[in-house]
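Visitor: Sequence:
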Amino acid sequence: VNDPDCKHLIPMNPNDDSLFKSLADDILLCKMINLSEPDTIDERAINKKKLTPFTISENLNLALNSASAVGCTVVNIKGKPHLVLGLLWQIIKVGLFADIEISRNEALIALLNEGEELEELMNLSPEELLLQWVNYHLTNAECLFSSPNQIAPKGGEDGPAIAIDLSGINEKNDLKRAGLMLQEADKMGCKQFVTPADVVSGNLKLNLAFVANLFNTYPCLHKPNNNDINMNLLEGESKEERTFRNWMNSLGVNPYVNHLYSDLADALVNFQEFDTYPALVWQLMRRYTLNVLSDLGEGEKVNNEIIIKWVNQTLKSANKNTSISSFKDKSISTSLPVLDLIDAIAPNAIRQEMIKRENLSDEDKLNNAKYAISVARKISAWIYALPDDLIEVKPKMVMTVFACLMGKGLNRIKNHFT
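With the first letter of the sequence shown counted as 1, position 265 gets the number 265 in full-length UniProt numbering; the numbers rise by one all the way through.
Please keep in mind that the hints were generated in silico from the structure rather than gathered at the bench.
In this text, all values refer to a predicted model and were calculated from it rather than measured experimentally.
One thing to keep in mind: the hints can contain errors.
As the list claims (entries may be wrong) - When the alpha-carbon atoms are kept at most 27 Å apart in a straight line, the in silico DSS-like pairs for lysine-lysine are as follows:
1) K187 <-> K205
2) K50 <-> K93
3) K93 <-> K223
4) K31 <-> K356
5) K187 <-> K172
6) K330 <-> K309
7) K320 <-> K356
8) K316 <-> K239
9) K309 <-> K365
10) K239 <-> K191
11) K7 <-> K93
12) K365 <-> K239
13) K93 <-> K80
14) K330 <-> K396
15) K93 <-> K191
Stated by the list, open to error - Computed Cβ-Cβ distance ranges for the label pairs, DEER-style:
16) S262 <-> D39: 22 to 32 Å
17) P395 <-> N321: 15 to 25 Å
18) D174 <-> K21: 52 to 62 Å
19) N319 <-> G236: 41 to 51 Å
Cβ atoms here follow ideal geometry from the backbone N, Cα and C, with glycine treated the same way.
Put together the whole structure using the sequences plus the hints.
Guide: Here's what the structure looks like:
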């Protein structure tokens, strides 16, 4: 609401096509992605002023490729309302579920049932954890109506007390009772997503969002002091593992991959004794990327040497001073070779005033990397790497960045001559 780029769009009328009109320039879509997964998009890459059909299409590219990078399945939307809503739901879900994960919220250990191992709880999906959380509170409540009363602050360290009126439990009419329940949820700032009719009809997505919002606002859980729990199991996924998982989910795999290891166990049972999941998934991701290049090169096999040679030739042809000797080249930590390559294959996409080239601090390197990743996605490069991958010069992910940009460059040449 307070975002100067979007405040004129709020509030929207839910009874007309205000939502779709608000998404027309794709700025709002970019903003929503950043709300769900902060810093996914560098705002400097968003076109905001004097918009044309071309700059709007760039915003759409940026939004869709960024949505893919956080694990959303993106299809050819073409303005179809149900597909737009489907993408919005995926983006919202990413944000709602971000902290419903034990390694990021150790208080969830309180949900362990008697006789249940921590590893079992860790393997649950966010939806399953939410269900367990609801049941945990319902054991001390009479019905869903009284759930707000169970989690509302009672005063003290949890915040000022919020008095919940439970008289609505006695209301016989389902719709009226749901309305009274939402009135109490509103006292906690948690009325979003649903109407009384949604509650009564059992709208799965909206009720899930409502419960997730309740959890994120007032989880009312406290980490148990249990010495029998092996806290070493709580190590969260690495950035690389998350990237691989998001890549798989963006391809629309079913079921959704919440945990790279446990969710792939059935298919990769022979590898369970070896820590090979990321290595194997990396090979799949690498092959997928190189296959795209082979298709553009009419079947010619592509390897690291060919990509590096193409990068350097393209940079030289565009009179750039940067080059790379390998995907471990320390100069990549500045992101300058990536930025120059983008400028070479998509002139005017890079705003040079946004780049720091000399005496780079760690913050300068981060800003360059963020900008490079976002502009690459803006010109339709399907990039999953993170800014840190460039700064830390992670060879595997660096390869995917240059390979995707090579694919974009070859595709532009191919389209130019067809």
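Visitor: For every hint, state whether the structure bears it out.
Guide: Verification of the supplied hints:
1. K187 <-> K205: With Cα atoms ~22 Å apart, K187 and K205 stay inside 27 Å; holds.
2. K50 <-> K93: Between K50 and K93 the Cα gap is close to 32 Å, so the pair fails against 27 Å, i.e. violated.
3. K93 <-> K223: This hinted pair holds, its Cα atoms lying about 25 Å apart.
4. K31 <-> K356: 25 Å, holds
5. K187 <-> K172: Distance of about 22 Å is within 27 Å: holds.
6. K330 <-> K309: With Cα atoms ~17 Å apart, K330 and K309 stay inside 27 Å; holds.
7. K320 <-> K356: The hint holds at about 15 Å.
8. K316 <-> K239: 33 Å, violated
9. K309 <-> K365: It holds: about 25 Å lies between the C-alpha atoms, which stays within 27 Å.
10. K239 <-> K191: Violated, at roughly 34 Å.
11. K7 <-> K93: OK: K7 and K93 at ~23 Å, within 27 Å.
12. K365 <-> K239: With a Cα-Cα distance of about 18 Å, the restraint between K365 and K239 holds, given a limit of 27 Å.
13. K93 <-> K80: OK: K93 and K80 at ~20 Å, within 27 Å.
14. K330 <-> K396: Within the cut-off at roughly 14 Å; holds.
15. K93 <-> K191: 17 Å, holds
16. S262 <-> D39: 22 to 32 Å: 28 Å, holds
17. P395 <-> N321: 15 to 25 Å: 23 Å, holds
18. D174 <-> K21: 52 to 62 Å: 34 Å, violated
19. N319 <-> G236: 41 to 51 Å: 45 Å, holds
The earlier numbered hints that this structure contradicts are 2, 8, 10 and 18.
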